[in-house]
Amino acid sequence: MLRFLLHRLLIGLLVLWLISLAVFALFFVIPSNVARTLAGRQATPETIAMIEHRLGLDQPILKQYWTFLTNALHGDLGYDYYHQVPVTTIIAQALPVTLSLAIGASILWLSMGIFNGVVSAVHPRSFADRALTVFSLVFYSMPSFLLGLVLLYFLYFQLTLAGYPIFPAGGYAPIKDGFWPWMDHLILPWLTLALLSAAVYTRLTRGSMLDVLSEDYIKTARAKGLSENRVNYRHALRSALTPVVTQFGIDLGQLVGGVVVTETVFSLPGLGKASIDAINQQDLPVIIGIVLFASAAVVVANIVVDMVYVVLDPRVRLH
Amino acid sequence: MTQVHATGGEVQTTEQVRRIEGRSPWVLAWERLRRDRLAMFSLGVIILIVLVALFAPVFAAITGHGPNEQYRDIGLTPQGLPVAPNSTFWFGTDDLGRDVLVRVAYGARVSLGVGVLATLLTVVIGVVVGLTAGFIGGVTDTVLARFIDVVLSFPFLLAAIALVSIIGPSLTVTIFVIGFFSWASMARIVRGQVLSVKEREYVEAARSLGAGNGRIMLIDVFPNVLAPVIVYTTLLIPVVIVIQATLSFLGLGLQPPTPDWGGMIDESRNYYQTAWWFMFFPGIALVITTLAFNLFGDGVRDAFDPRVERLMRG
Numbered sequence: 001m002l003r004f005l006l007h008r009l010l011i012g013l014l015v016l017w018l019i020s021l022a023v024f025a026l027f028f029v030i031p032s033n034v035a036r037t038l039a040g041r042q043a044t045p046e047t048i049a050m051i052e053h054r055l056g057l058d059q060p061i062l063k064q065y066w067t068f069l070t071n072a073l074h075g076d077l078g079y080d081y082y083h084q085v086p087v088t089t090i091i092a093q094a095l096p097v098t099l100s101l102a103i104g105a106s107i108l109w110l111s112m113g114i115f116n117g118v119v120s121a122v123h124p125r126s127f128a129d130r131a132l133t134v135f136s137l138v139f140y141s142m143p144s145f146l147l148g149l150v151l152l153y154f155l156y157f158q159l160t161l162a163g164y165p166i167f168p169a170g171g172y173a174p175i176k177d178g179f180w181p182w183m184d185h186l187i188l189p190w191l192t193l194a195l196l197s198a199a200v201y202t203r204l205t206r207g208s209m210l211d212v213l214s215e216d217y218i219k220t221a222r223a224k225g226l227s228e229n230r231v232n233y234r235h236a237l238r239s240a241l242t243p244v245v246t247q248f249g250i251d252l253g254q255l256v257g258g259v260v261v262t263e264t265v266f267s268l269p270g271l272g273k274a275s276i277d278a279i280n281q282q283d284l285p286v287i288i289g290i291v292l293f294a295s296a297a298v299v300v301a302n303i304v305v306d307m308v309y310v311v312l313d314p315r316v317r318l319h
Numbered sequence: 320m321t322q323v324h325a326t327g328g329e330v331q332t333t334e335q336v337r338r339i340e341g342r343s344p345w346v347l348a349w350e351r352l353r354r355d356r357l358a359m360f361s362l363g364v365i366i367l368i369v370l371v372a373l374f375a376p377v378f379a380a381i382t383g384h385g386p387n388e389q390y391r392d393i394g395l396t397p398q399g400l401p402v403a404p405n406s407t408f409w410f411g412t413d414d415l416g417r418d419v420l421v422r423v424a425y426g427a428r429v430s431l432g433v434g435v436l437a438t439l440l441t442v443v444i445g446v447v448v449g450l451t452a453g454f455i456g457g458v459t460d461t462v463l464a465r466f467i468d469v470v471l472s473f474p475f476l477l478a479a480i481a482l483v484s485i486i487g488p489s490l491t492v493t494i495f496v497i498g499f500f501s502w503a504s505m506a507r508i509v510r511g512q513v514l515s516v517k518e519r520e521y522v523e524a525a526r527s528l529g530a531g532n533g534r535i536m537l538i539d540v541f542p543n544v545l546a547p548v549i550v551y552t553t554l555l556i557p558v559v560i561v562i563q564a565t566l567s568f569l570g571l572g573l574q575p576p577t578p579d580w581g582g583m584i585d586e587s588r589n590y591y592q593t594a595w596w597f598m599f600f601p602g603i604a605l606v607i608t609t610l611a612f613n614l615f616g617d618g619v620r621d622a623f624d625p626r627v628e629r630l631m632r633g
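Taken in sequence, the protein lines are chains A and B.
Everything in the first sequence is counted per our numbering, starting at 1 for the first residue and increasing by one.
Everything in the second sequence is counted per our numbering, starting at 320 for the first residue and increasing by one.
Simulated from the structure, these hints should not be mistaken for laboratory data.
Bear in mind the structure is a predicted one, so any value in this text is a computation, not a measurement.
No residue lacks a Cβ here, since even glycine has one placed at the ideal position from N, Cα and C.
The reader is advised that the hints may include incorrect statements.
[Said to hold, decoys possible] Label-pair distances were calculated between CB atoms; the ranges are:
no., chain 1, residue 1, chain 2, residue 2, range
1, A, 233, B, 432, 27 to 35 angstroms
2, A, 69, B, 349, 26 to 34 angstroms
3, A, 159, B, 359, 35 to 43 angstroms
4, B, 373, A, 220, 52 to 60 angstroms
[Unchecked claim] Chain B side only, calculated, beta carbon under 7 angstroms to chain A, not exhaustive:
no., residue
5, 476
6, 484
7, 591
8, 602
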């Protein structure tokens, strides 16, 4: 187990290093006019040169990368171009918002998806199965920005118009200001993220449950006289969850990037919003910092997933 | 080869002889697909959308409204707000007094065009990389597999947005950025298939007959990994269409005034309280398109892989 973990960790680090290289190359090789933007319209070439020097942009590209890498290894991702705020601070400020959004939404979609998937698989061809299949396909085909806007239209605008101002139009309330305001601001964003993914998980769980239910060991379990519930939940669901866990690992990692749209629609000041702001200002250190942070999330999520396999499916052996 | 019609002295008429036809997996899959009513209905919807895209100018001709023409006199209310659907503007107008129906029809061109082109690019890169990695093996495989991991670890949407904003948005950039970030999962699927196919007996047989690597790769291995490629391709198109719409929605799609669904939905955001049609029509067009592709893709998958799912459907 320890060797396996170490191996995965090393590969994860390698992947992260390659990503840092790729991100750096992509964003720094493409000429940017940050110094010009910062200096203003009437800047002399000297001013621009001075600003470039201050930001370290006049250094050779390899030296820039080396400085960036050594700093990053010391937990320093640089400063944003405009206000000289450390990138780590920007990430730290935005992270609680994104985490609130991501964790709440993933709990919601996992429970909805797995529950619906099991219901569908245990009663295939039933009315519930068909209804759930249709519903999940509709939500699956809906872009998240559209779903967010639809929810806003019905649950914010029409409800408020009807005299029930239950949900706000957007924004964020920190949890320290009270649990209810926090949750109230997040319910619609949670639903936006969760309904879409719940659809994927319903289909995934259903398919994998159906596969597992046709296997011999399920017949054995039934032949032993176990109750239907015990067979379905203790024997079948456990190994049927393996592909679900794989998908969850991928999604959890991608979530840091995937919240961009939801945060934009509901004006939540999270990582997605921060990155969009940075992108609009061509604030490279912030973009690179967030992309690297998000990639690290993907790598860590993948390692965690590999470990969860072992717990879920006794057939998986580590090499 | 001669067919024996008479056995044991009895003469059989030709009608009684059941001809045994060899049916390739492709024919079988197509026949299963043809019997899938939902998939065929979705295919019909897809063809309809393709026709709308192709004949978008016809919509402009019938209504007499160009896609980018602004009717500030009849297309806007005295307060300067969009006009609701009526006999002149069947789907209403947008914030600049343009005909929503005509713009939705033209928008289909962008969605389908990017959807198909970016998917093709993704598939080509994915298949080439997957085939190379799986077939050659060794160091090449290790390096390519690691590279696939790296691309898969990229926060896709974030990186795509950053890249588009730095290079500058355009149709070509959108297609290449989508292709650049999405080929990896296709490559992984193809690689896995190749790894199992190349150990089969018929590959060994081809090798013992003196076939070269290139021939084996193209003639013996490639056709046998085609089924998952086709299934994945059909399911990729709706995903790509959504990504394109999302980029447009975030202001990183096509330059205005080119009509496209994601961009129209973005423009309508400030008007959803007063002009529902402005958001509704491009939105419903987008959902119908992706839904049709998803349903059709499901059918294709079931047709190639007629296992549990299909049996359970009844």
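Hints and how they fare:
1. Between residue 233 of chain A and residue 432 of chain B, the C-beta spacing of about 47 angstroms breaks the proposed range 27 to 35 angstroms.
2. Evaluation of the 26 to 34 angstroms hint for residue 69 of chain A and residue 349 of chain B yields a failure: the beta carbon distance comes to about 54 angstroms.
3. Between residue 159 of chain A and residue 359 of chain B the C-beta distance comes to about 40 angstroms, which sits within the given range of 35 to 43 angstroms.
4. Between residue 373 of chain B and residue 220 of chain A the C-beta distance comes to about 57 angstroms, which sits within the given range of 52 to 60 angstroms.
5. Because the beta carbon of residue 476 of chain B sits about 5 angstroms from the nearest beta carbon in chain A, less than 7 angstroms, this interface hint is met.
6. For the restraint placing residue 484 of chain B at the interface with chain A, the shortest Cβ-Cβ distance is roughly 5 angstroms, inside the 7 angstroms limit, so the hint holds.
7. Interface hint at residue 591 of chain B: satisfied, since its Cβ lies 6 angstroms from the closest Cβ of chain A, which is below the 7 angstroms cut-off.
8. For residue 602 of chain B, the interface hint holds, since its Cβ comes within 7 angstroms of a Cβ in chain A; the closest pair sits about 5 angstroms apart.
Hint violations for this structure: numbers 1, 2, all remaining hints satisfied.
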